[in-house]
Each structure stands twice: as C-alpha cells, then as structure tokens.
Amino acid sequence: MINEPYAVHGHGVFVTLGILDSQYDPSMSVDSAFQLQENCVLKLKKRFVVNNDQFSVRVVKKEGIKHLPTLLINLSVSP
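Position 50 (the sequence shown) corresponds to 50 in UniProt numbering; numbering is contiguous.
Derived by calculation from the structure, the hints in this document are not laboratory data.
A virtual CB, placed ideally from N, CA and C, is assigned to each residue, including glycine.
Treat each hint with caution, since some may be false.
Each computed BS3-like pair below joins lysine-lysine, with the alpha-carbon atoms no more than 30 Å apart [to be verified]:
| # | residue 1 | residue 2 |
| --- | --- | --- |
| 1 | Lys61 | Lys43 |
| 2 | Lys45 | Lys61 |
| 3 | Lys66 | Lys43 |
| 4 | Lys62 | Lys46 |
| 5 | Lys66 | Lys46 |
Quick list of the computed label-pair ranges, beta carbon to beta carbon [what the hints assert, rightly or not]:
| # | residue 1 | residue 2 | range |
| --- | --- | --- | --- |
| 6 | Glu63 | Ser32 | 15 to 23 Å |
| 7 | Pro26 | Asn51 | 15 to 23 Å |
| 8 | Ile2 | Gln23 | 17 to 25 Å |
| 9 | Arg58 | Asp25 | 32 to 40 Å |
| 10 | Leu71 | Gly18 | 18 to 26 Å |
| 11 | Phe14 | Glu63 | 25 to 33 Å |
| 12 | Asn3 | Asn74 | 32 to 40 Å |
| 13 | Ser56 | Ser29 | 14 to 22 Å |
| 14 | Leu42 | Met1 | 26 to 34 Å |
| 15 | Pro69 | Tyr24 | 18 to 26 Å |
The task is simple: from the sequences and hints, build the whole structure.
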C-alpha cells in the first residue's frame, strides 16, 4: 500500500492535484483542509463542467475513517 497525504479521484484530478501539491501542508488543521477542498471544488467549477453541488468529505487515518459534513457549493455563483 502507498502512503499518500491526500487523494483525488475522477476527472477532477487534472485541476485539483496541482492545487493540492502547492497548498497542502501536513500540519494543517482539519478545518484548513476542508477549506482547501472547497477551494479545489470552486476551481473545478470554474474550469471544468461540474454540475454536482454536493461533495462528500472523509478524513482517513490509521484509526479509521471520519465522515465530515457534506461540502455544498452554490453552482449559480461565480467564485
């Protein structure tokens, strides 16, 4: 198994991986990481055809998986 600090799945990887590479900090709080994910989704909305306004958020640690609140994006508002 490979240890990775973050993961992106699907077509969004082409936009969001660069954002995560430049802005992710291993010492960031869960709240900061949630904001970073929101930033990734907003960039996706701007650069990619995204018609999903809800994104599931999970924190995966060796202790288990924690489900965070669903990230809701208003698709009618430009970032």
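Hint by hint, which ones does the structure fall short of? Numbers 4, 7 and 9, in rising order.
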